[in-house]
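**Q** Next come the chains, spelled out residue by residue.
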Amino acid sequence: MITFDHVTKRYGERLALDSVSWHMEEGESVVFLGKSGAGKTTLLRLITHETLPTSGRIAVGTFHGSRLGRHQRALLRRTLGIIYEDFRLLDDRTVFENVALALHITGRFRDEDVVPGVLHALEEVGLRGKANAFPRELSAGEKQRAAIARAIVNRPAVILADEPTGALEEGSAAEILERLRSIHAEGAALILVTTRREVAEALPGRILELRDGALVSGDPMGRAAERTHREAPADEGARESAAAGVGHEPQAEETPPSREAPPMAGTAPPESGPGG
Amino acid sequence: MHWFYVREAMRTFRQHGGLTINAVLALTAALTFAGLFLLLAHNAQTALRLIGDRREMVVYLKDEVTEAQRDELIGRLTDLYGSVKYVSKDDAWKEFTQEVGDPQLLESVDQNPLPSSLRVRLRPELLTAAAMSAAAREVSEFPEVEDVRYGAEWVRRLDELNLGLARGALAVGLAVALALVLVVYNTIRLSVLARRQPIEIMSRLGATDAFVAQPFVIEAMFEALVAVALALGLLFASYRAVSSQLEGVVFLPWSWTLGFVGAALALAWVAAMMALARVLRAVRS
Numbered sequence: 001m002i003t004f005d006h007v008t009k010r011y012g013e014r015l016a017l018d019s020v021s022w023h024m025e026e027g028e029s030v031v032f033l034g035k036s037g038a039g040k041t042t043l044l045r046l047i048t049h050e051t052l053p054t055s056g057r058i059a060v061g062t063f064h065g066s067r068l069g070r071h072q073r074a075l076l077r078r079t080l081g082i083i084y085e086d087f088r089l090l091d092d093r094t095v096f097e098n099v100a101l102a103l104h105i106t107g108r109f110r111d112e113d114v115v116p117g118v119l120h121a122l123e124e125v126g127l128r129g130k131a132n133a134f135p136r137e138l139s140a141g142e143k144q145r146a147a148i149a150r151a152i153v154n155r156p157a158v159i160l161a162d163e164p165t166g167a168l169e170e171g172s173a174a175e176i177l178e179r180l181r182s183i184h185a186e187g188a189a190l191i192l193v194t195t196r197r198e199v200a201e202a203l204p205g206r207i208l209e210l211r212d213g214a215l216v217s218g219d220p221m222g223r224a225a226e227r228t229h230r231e232a233p234a235d236e237g238a239r240e241s242a243a244a245g246v247g248h249e250p251q252a253e254e255t256p257p258s259r260e261a262p263p264m265a266g267t268a269p270p271e272s273g274p275g276g
Numbered sequence: 001m002h003w004f005y006v007r008e009a010m011r012t013f014r015q016h017g018g019l020t021i022n023a024v025l026a027l028t029a030a031l032t033f034a035g036l037f038l039l040l041a042h043n044a045q046t047a048l049r050l051i052g053d054r055r056e057m058v059v060y061l062k063d064e065v066t067e068a069q070r071d072e073l074i075g076r077l078t079d080l081y082g083s084v085k086y087v088s089k090d091d092a093w094k095e096f097t098q099e100v101g102d103p104q105l106l107e108s109v110d111q112n113p114l115p116s117s118l119r120v121r122l123r124p125e126l127l128t129a130a131a132m133s134a135a136a137r138e139v140s141e142f143p144e145v146e147d148v149r150y151g152a153e154w155v156r157r158l159d160e161l162n163l164g165l166a167r168g169a170l171a172v173g174l175a176v177a178l179a180l181v182l183v184v185y186n187t188i189r190l191s192v193l194a195r196r197q198p199i200e201i202m203s204r205l206g207a208t209d210a211f212v213a214q215p216f217v218i219e220a221m222f223e224a225l226v227a228v229a230l231a232l233g234l235l236f237a238s239y240r241a242v243s244s245q246l247e248g249v250v251f252l253p254w255s256w257t258l259g260f261v262g263a264a265l266a267l268a269w270v271a272a273m274m275a276l277a278r279v280l281r282a283v284r285s
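Residue numbers (my numbering), protein chains in the order written: chain A, 1 to 276; chain B, 1 to 285.
Source of the hints: derived by calculation from the structure; they are not laboratory data. Please read all numbers here as calculations on a predicted model, not as lab measurements. Ideal Cβ positions, reconstructed from N, Cα and C, are used throughout, including at glycine. Incorrect hints may appear among the rest.
Sample of chain A residues facing chain B (criterion: CB under 8 Å; computed from the structure) [as the list claims (entries may be wrong)]:
#1 T48
#2 R78
#3 R88
#4 P135
Turn these sequences into a full structure, and let the hints guide you.
**A** In structure tokens:
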């Protein structure tokens with residue numbers, strides 16, 4: 001689904017990523033752990049095509065090639081749900097409008113196409129009661145939940161989270177991680193970057209450690225034998241939450257499209273690679 | 001186009017109302033200036049058309065020309081230059097005495113010295129100094145003709161005035177078009193820059209250029225529409241004020257008014273597209 005093949009990224013003289021290769025399959029979870037400046041955000045920006053690699057090859061679903069056209073780039077981003085440390089909500093519109101924007105961008109404007117999806121996403125993150133609130137009226141944790149609702153409303157195949165708990169106090173951080181586990185348990189692939197080991201370990205899936213732009217530990221190619229969930233209890237908890245319907249039980253009139261049919265086709269992993 | 005884009009444009013108006021008002025005022029000023037010139041040009045053109053209708057060539061006949069020769073000449077002139085009216089010696093004398101007014105002045109004139117003439121009302125394509133001069137030269141070579149007069153200097157001045165107005169209209173039109181494009185271009189550029197953060201967020205959510213651009217295009221068209229409506233209102237008020245003092249002044253005909261509105265909107269659209277093509281590339285990653 002996502003493949004980095006010897007990707008190097010330089011900003012002038014500074015080396016941000018140094019011949020990094022890794023791969024993930026549909027529905028997987030990968031956490032990139034590293035200190036500030038290790039190349040984590042660059043890696044996310046390369047996935048979203050906000051920046052281009054200096055060398056190497058990146059494939060995200062069916063989107064290949066180092067230089068996508070502007071329209072292709074927009075289409076690629078619609079297949080991703082992105083969550084930022086600073087939320088990136090639009091202050092001049094309500095929570096409902098912030099979430100609905102992601103649907104409008106895909107060309108859906110009719111109430112019957114927008115309202116059920118938005119309300120369901122807000123239900124999933126426990127913010128339905130704050131639909132008409134403006135971001136300035138929310139706590140940091142609520143803002144991040146609104147951002148998560150916006151990221152999942154289009155039922156993307158991959159959720160990208162850039163230090164999603166970085167601006168949150170402990171209680172809210174745990175809640176956000178629980179939400180992410182729950183979304184991943186429903187089938188979405190999850191890529192999270194963080195500086196905090198406890199955050200990385202709170203999530204299921206592989207942990208790949210970045211240092212000075214290079215992958216220094218973990219299983220970059222994620223061979224099936226190694227793909228085990230290290231945090232089984234947490235994962236179980238997420239599944240239980242999902243099964244119990246913690247913000248997941250859609251009402252009859254607001255059934256959202258299934259996340260089990262991701263818009264991106266998977267990409268076969270390369271035959272060989274470092275760390276395999 | 002969906003109502004959503006209009007709401008997005010209205011959001012920009014609310015947040016950056018000062019920018020919108022400035023743009024509308026600047027556009028109104030430019031369009032009013034252009035409209036005043038259009039009004040002037042239209043009235044001048046109307047007046048010139050009336051004067052042009054009176055441009056005629058007077059062909060004086062030799063005394064020895066027979067009736068048959070005169071009729072043949074009338075036929076030739078009608079075919080070549082336009083409608084012809086015969087004025088006999090007696091008719092010419094009557095006209096002259098009426099113009100002079102005082103019969104005592106004419107008592108010393110013992111016989112009618114005026115020649116008979118043909119007054120040729122020229123076809124519209126011949127109502128230029130060059131064409132009239134050529135026609136006069138040709139007609140003066142006919143054997144039945146004594147002399148030809150057509151007010152050469154007057155016609156030349158009218159032509160110069162006409163040409164000056166056309167050139168002025170073109171220059172003012174170009175200057176105002178340029179001003180309009182610059183105002184809209186800069187307003188949209190500033191609007192986009194003022195909304196840089198939302199645009200970046202939309203871009204990261206997968207918005208296409210068209211999605212981001214449409215509210216700004218609506219903004220430009222709205223500003224141009226309000227400005228052109230205000231400009232037309234000001235022009236009409238000016239026309240009413242002048243027409244109460246000066247007879248014969250006319251307002252722009254519908255075709256000119258619609259052309260004026262259409263040109264303003266088209267220029268606003270072009271300027272907005274130019275600004276968006278340039279600034280969105282810089283803002284969006």
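**Q** Could you run down the list of hints and mark each one as holding or not?
**A** Status of the hints after comparison with the structure:
{"no.": "1", "hint": "T48", "result": "7 Å, holds"}
{"no.": "2", "hint": "R78", "result": "3 Å, holds"}
{"no.": "3", "hint": "R88", "result": "5 Å, holds"}
{"no.": "4", "hint": "P135", "result": "12 Å, violated"}
Of the numbered hints stated above, the single one contradicted by the structure is hint 4.
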